[in-house]
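Now for the letters of each chain:
Protein chains: 2
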Amino acid sequence: MGNLEKSGGSIEYEYVLPADIEKRSFEIISEEFARRGVCLDPELAPVIKRVIHTTADFDYAGSLCFSPDALERARRAIANGACIVTDTRMAQAGINKRALAKFGGEVYNFIADEDVAALARERGTTRSAVCMDKAAALRKPLIFAIGNAPTALIRLCELIREGRIRPELIIGVPVGFVNVVYAKELVMETEVPHIVARGRKGGSNVAAAICNAILYTME
Amino acid sequence: MGNLEKSGGSIEYEYVLPADIEKRSFEIISEEFARRGVCLDPELAPVIKRVIHTTADFDYAGSLCFSPDALERARRAIANGACIVTDTRMAQAGINKRALAKFGGEVYNFIADEDVAALARERGTTRSAVCMDKAAALRKPLIFAIGNAPTALIRLCELIREGRIRPELIIGVPVGFVNVVYAKELVMETEVPHIVARGRKGGSNVAAAICNAILYTME
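Here the protein sequences line up with chains S and L, keeping their order.
Just so we're on the same page, the numbering used here is the position in the first sequence counted from 1, plus 583.
Just so we're on the same page, the numbering used here is the position in the second sequence counted from 1, plus 583.
Rather than coming from a laboratory, the hints here were simulated on the basis of the structure.
Just so you know, these numbers come straight off a predicted model, no measurement behind them.
Fair warning: there could be bad hints in the mix.
Claimed, not checked - One-sided and incomplete, this derived list gives chain S residues near chain L with beta-carbon spacing under 10 Å:
#1 607
#2 689
#3 762
Beta carbons are placed, not taken as given, at the ideal position from N, Cα and C, and that holds for glycine.
Model the full structure from these sequences, guided by the hints.
This is the structure in structure tokens:
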């Protein structure tokens, strides 16, 4: 690899079999961590590396925060048939639904539901926030993967405080500029197992990547 | 806003009406550019800012490259009914299909098609690359929004060289570590109008954000 690698990846073509591209990507990520002298907790490494694989952004090694046993609890929930609720169709599209279905789970997203839009107008809140109420009414074990809307996270924390829901895990990785940092800190103050990308960064792609990383450690 | 803003966004809750959250986000992005002494080309600013809105990553101000008149040509193509081809369902999910439909366009994604999987196995290539062949056979004006697979971009450049397709615009923003930088440089060497995020960063969310930014300048 040439000099350009330092400025964001090799410019030379590297022959890699289609089936090996992902493996090679993870090798490069591991090499870069080694070069930086960074060791990752072996339990958390698959999640951290998959987020970096999805974003090419090593900042996540500094911003992802895991509550104790978050992954172990998530795996147990999924093994028991937990479903995943997302705040966007993009996150829903990105989650490996086949891998989840092996354990009986499915992915819910209510953002385009008409009752959600009507209730959001009535309450003067966002549709994303109302989606959390709709999820709470499901009364089943749920993992929340929130990659877009801080208002969803804030509403989720209210529902938790009111005892109306007890998520198995919150993946709190919304992205943006308005109340995003605040919403994530709020999640970290709860007793609920969580994975949070502190700061402004995150996204639906990051939310999906974290779900998939957990699923792939169960294979 | 407090000190924490410097380390990635205000930790204080800011009351913003649901309908104004996006507007306020763009204001914050503009404020941060002003503070850095960065002026954006007014033609390109809506795209650059929407990508940062989607990623909270100001690096894109340094990495997004636009061929001359890329946006003007994209708008003309869309106004004439051009369709968008994506390499992932996530990008497809993220594009505002209602805004595109106003001009008669739709979003295609072939990644889950059985003929694509079969042909990829036969050729020893990726499904993403075969999707480009399938798109070339459409024989209609197309914009390519590639946020994931460098192999799709490389195949697209081959098809262009062979005179088998002439895209209206290539949005070349795959993310990752294997041949991603190479594939983007390849696009920039073509005569085809393009928007490229140089380096490793990009993503399906970035591809969708660029499509939406263009569409919203047409409203």
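Now for the hints, and whether the structure bears them out:
no.: 1; hint: 607; result: holds (5 Å)
no.: 2; hint: 689; result: violated (16 Å)
no.: 3; hint: 762; result: holds (6 Å)
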